[in-house]
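So the sequence lines, in the order shown, correspond to chains S and E. For the first sequence, counting from 1, position 31 maps to 31 in this note's numbering; every step adds exactly one. For the second sequence, counting from 1, position 302 maps to 540 in this note's numbering; every step adds exactly one.
Warning: the hint list may mix true and false statements.
As the list claims (entries may be wrong) - Think about it this way: if two alpha-carbon atoms lie no more than 20 Å apart in a straight line, the pair counts; the simulated SDA-like pairs of lysine to any residue are:
1. S/Lys-109 to E/Met-990
2. S/Lys-109 to E/Arg-663
3. S/Lys-109 to E/Gly-391
4. E/Lys-296 to E/Arg-324
5. S/Lys-109 to E/Asn-385
6. S/Lys-109 to S/Arg-35
7. S/Lys-109 to E/Ile-613
8. E/Lys-296 to E/Asn-753
9. E/Lys-578 to S/His-34
10. E/Lys-578 to S/Arg-35
11. E/Lys-296 to E/Ile-613
12. S/Lys-109 to E/Arg-806
13. S/Lys-109 to E/Arg-394
14. S/Lys-109 to E/Lys-610
15. E/Lys-610 to E/Asp-459
16. E/Lys-578 to S/Ala-16
17. E/Lys-578 to S/Trp-33
18. E/Lys-578 to S/Lys-109
19. E/Lys-296 to E/Leu-632
20. S/Lys-109 to E/Thr-472
21. S/Lys-109 to S/Ala-37
22. E/Lys-610 to E/Met-594
No wet-lab data here; the hints were simulated from the structure.
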Amino acid sequence: MTRVAVIVFPGSNCDADTLAAAREAGSDAYYVWHRDADLRHADVVILPGGFSYGDYLRSGAIARFSPIMSAVAAHARAGGPVLGICNGFQILCEAGLLPGGLMRNARLKFLSRPAWVRVETTGTPFTCLYDQGDVLEIPIAHGDGRYVVDERTAAELEASDRVVWRYVRDNPNGSTRDIAGVCNAGRNVVGIMPHPERRNAPILGGQDGARVFHAMEARHATQHAVDVRAVGDRHLRV
Amino acid sequence: MTRAVPFPGDPPITPQLVRDHHLTDEEYGRIEALLGRAPTFAELGVFSALWSEHCSYKHSRPILRALPTAGPQVIQGPGENAGVLRLPDGWAVAFKIESHNHPSAVEPYQGAATGVGGILRDVFTMGARPVALLNSLRFGPVDEARNRYLCAGVVRGVGDYGNCVGVPTLGGEVDFGPSYAGNPLVNAMCVGLLREADLMTAAARGVGNVLLVVGSRTGRDGIHGASFASEELTHESERRRPQVQVGDPFTEKLLLEASLELIASGHIVAIQDMGAAGLTSSSAEMAARGGVGVEVDLSRVPTREPGMTPYEILLSESQERMLVVAQADRVTEVQAIAAKWELTATPIGRVTDDGMYRATWQEQVVVEIPGKRLIDDCPVYCPEAREDEAIAELRRRDPGPGARAPDPAEALLTLLDHPAIASKRWVYEQYDSTVQASTVIAPGGDAGVIRVRGAEFGIAVTTDCNSRYVALDPYEGGKAAVAEAARNVACTGARPLGVTDCLNFGSPERPAVFNQFREACRGIADACRALDTPVTGGNVSFYNESPTGAVAPTPVIGMVGLLARADRAVPSHARGPGDVVCVAGETRSELGGSVLWEALYGFAGGTPPRVDLVAERRLVDFLVAGAERALFRSAHDCSQGGLGVALAEVAMGGPYDETGLGLEIDLTTYGARLAAVDLLFSESQARAVITCPPERAAAVVALAQELGVPIERVGTVGDRGGAVRVRLRDGRVEHRVDRLREVYFSGLPRRMGD
């Protein structure tokens, strides 16, 4: 079982959903309070969505100073998988673990609706069970979701296959190059705006997001990227 | 005689000061008699708040008593922070609706946001985790800039607060009308889930137990909010902006988690939100419920600014504060839990055995009132009720001979574009509707549906009111509000369980308004009895008046239903080409109060549809039974815009679908006596449009007949992106479904300039 640490900041509000999705995928998921300094031997760290510290200054701007963030950074530097969803993505950018930043949506309004994203790379610990080019329907719910990077970095992200998900059909927030998610150079730190934990069961309208969580288990079972797909498929068939 | 002395600097009690506190001479006389002396300034403030309409229900109590409140499903009826109904497997649902109209009229963003905050606290103080929010909004005509400003601000305020706290907004309604121009309506509803065994109440108990304030510090904001809510809006109301509280949803989220942990810990015996009239109402009401006295030392209340007087501390409506009664020996434990959530918990007083409501400043007593009499001695008024003759006259009229019968195909487009009917996607996509990962049916359908993790059942929720009907015929309109809510819940397959109501009216001191109130309540009561949905609480909001007059009577019904199997929730739109389309219920010529007449002729009159409660009950039973047997692919009720709009909505599909489905409908035999326009746009009640796979059509018809519901097969579902064709005896309607979608989804954003 993969040990998945879900970090809880004051104002996190997708922590329970994320924990549940990880557990439903078979992981040993648990909460870590932002004041703690220890990830308790986590294999994977998830920064869930929400409004850490109310996001009164700028989304994620205060959370990055939380005591737990040095442990998260150390985990990331050591190559450990880190996933930031929505507000978690914002925090990872603020903490410098991912390039770019998330600005107010182009329409200047909070937007809650389904989004369609294409899987651009399977070379991350969280997208390895998808096929490249898969189009997923996954909800978004954000006010500050417009991913922005300078042109040079954007080109670099494209060239090094680090755009993880890209909006298709339409771009709901005006992000640079329709980007919905990116990873770092080491490919172990991933940030995505859509909420895969909200679409992991047929009763929720579909399960396009489920493989993000199954990937953590599959990867843990082998540690070999080549074998991951096969294990993942078996896992999904069970 | 009780003892209390003025605080240094208090103004003398003069007749003018009494009037400024919205107390009548007769009420003031009662206060002096009750105390055996003149009140102190702080006491005057306490009476002013607790005897305001908002807190005392002094004009509505006798009428509200006629509402049915009992039933085997009721765990907690009216009188607590929220009503509670029983669900399967030891679960229960707590829910409540409340208005925040006046604050939103002068400060739309904060007014609406704090409305959401207050209703969340009412629910989680019962020990329930909030799982859904809804709202019901009314504004003046959308073509006026001021109304668009109010609408945009209210929607943003509702959204920002609920989104931040992490509770999905699952439904609601938005409508526009001239009567709301000076006085918008902002009603917020919250639904929470709890284990029945964990139910908490707000009755102070145990002499010596300790009162603590948990959460934000007390400031000077919102002083006299309860009295403000109990007066008419005037040009002077702008001055009231500083009385509008400011919301902090981040603190609310911490308060939510801390409160649920405190309740689960067993360290506390009662908890209540410090809402309207702040510390005054929370402490006095908790004491009255428990039949005990309380004593608080106001000098110990943490304040945001120095120099606050007892009067200000008692009446502040600063947000995100809770009053908790802790067991005497558990204060440290309570403080530890608060501290974990980065909140303070400060002991300010204790439960006493002398029945007095007492506030001190250190040793000095500034308020001392017999607690029970403070609540019970509030006068109750039975104002005169008399229907306005102009309304009776309006009911007898129709648009007149000058009104040309419209082309039904054109009329359908006009209706789909009308602000009352056009999609509210522009509004609800600003609300997080999927947080908590339990949303089965998101906004845009008949009712919102959520699953309950670990259980088979789901919960359906809706808010409804057609004020056009209530204005013309308050009794039938009251019935219709309940009936529509029940149909919406039942269309998803859920059995309606109970009601919370938010009764928005003008000044009860005007006989015409009080007649509306009395008759609407009578209608609600009859409908709730017929549909077996007891009223478990709610809110009365009077004095919704501006210089242009009273708002249209708007008794909003919030309803909760139980869906036996959440995975069988029935959506509102067609899903499969080739499916059979049926209309359940009868259509009559009932265009009074219809959107058609308003849209085409600017005429808001006529006799609104009659509500046959026996037929409504049968339709609900049919919808629930059909869903249980998995007979339906979709079910959608007919309401504003009638059968024509309902069929279009069935065809158009979900708000984010790329296209809809065509329909081939033949109405030449159904309702053959009626003219095309009546058949398509009459708003007769107790109707729904069903689709089902062809092989189940016979079973659908048989079930309807068995339950006494008139039903007719009227056509089939067509292709994706196809055309909606309706054959009528004297005409036809044909539109590409994409054209319908374009009109329906662009109506509101175009008007909002977005």
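The hints, checked one at a time:
For the proposed pair S/Lys-109 and E/Met-990, the alpha carbon gap of about 13 Å is at most 20 Å, so the pair holds. For the given pair, S/Lys-109 sits about 13 Å from E/Arg-663 by alpha-carbon distance, which is consistent with the 20 Å threshold. As the CA atoms of S/Lys-109 and E/Gly-391 are separated by approximately 11 Å, the hinted pair is consistent with the 20 Å bound. Annotation: proposed proximity of E/Lys-296 to E/Arg-324 is violated, straight-line Cα distance about 30 Å (limit 20 Å).
Annotation: proposed proximity of S/Lys-109 to E/Asn-385 holds, straight-line Cα distance about 18 Å (limit 20 Å). With a C-alpha separation of about 32 Å, the suggested pairing of S/Lys-109 with S/Arg-35 is violated against the 20 Å cut-off. The suggested pairing of S/Lys-109 with E/Ile-613 is violated, with an alpha-carbon distance near 44 Å, which exceeds 20 Å. For the hint linking E/Lys-296 to E/Asn-753, the alpha-carbon distance of about 16 Å falls within 20 Å, and the restraint holds.
For the hint linking E/Lys-578 to S/His-34, the alpha-carbon distance of about 11 Å falls within 20 Å, and the restraint holds. For a cut-off of 20 Å, the pair hint linking E/Lys-578 to S/Arg-35 stands: about 10 Å separates their Cα positions. Annotation: proposed proximity of E/Lys-296 to E/Ile-613 holds, straight-line Cα distance about 11 Å (limit 20 Å). Of the supplied pair hints, the one linking S/Lys-109 and E/Arg-806 is violated, its CA atoms being roughly 33 Å apart against a limit of 20 Å.
Annotation: proposed proximity of S/Lys-109 to E/Arg-394 holds, straight-line Cα distance about 8 Å (limit 20 Å). With a C-alpha separation of about 49 Å, the suggested pair S/Lys-109 and E/Lys-610 falls outside the 20 Å cut-off, and the hint is violated. For the suggested pair E/Lys-610 and E/Asp-459, the alpha carbons sit about 28 Å apart, so the restraint of at most 20 Å is broken. With a C-alpha separation of about 18 Å, the suggested pairing of E/Lys-578 with S/Ala-16 holds against the 20 Å cut-off.
For a cut-off of 20 Å, the pair hint linking E/Lys-578 to S/Trp-33 stands: about 10 Å separates their Cα positions. Restraint check for E/Lys-578 and S/Lys-109: not satisfied, since their Cα atoms lie roughly 33 Å apart, outside the 20 Å limit. The straight-line distance between the Cα atoms of E/Lys-296 and E/Leu-632 is roughly 31 Å, outside the 20 Å bound, and the hint therefore fails. For the hint pairing S/Lys-109 with E/Thr-472, the CA-to-CA distance comes to about 32 Å; that exceeds 20 Å, so the pair is violated.
Between the alpha carbons of S/Lys-109 and S/Ala-37 the distance comes to roughly 36 Å, so the proposed pair goes past 20 Å and is violated. A hinted pair counts as satisfied when its Cα atoms are at most 20 Å apart, and E/Lys-610 with E/Met-594 qualifies at roughly 8 Å.
In this structure, the earlier hints numbered 4, 6, 7, 12, 14, 15, 18, 19, 20 and 21 are contradicted, and the remaining ones agree with it.
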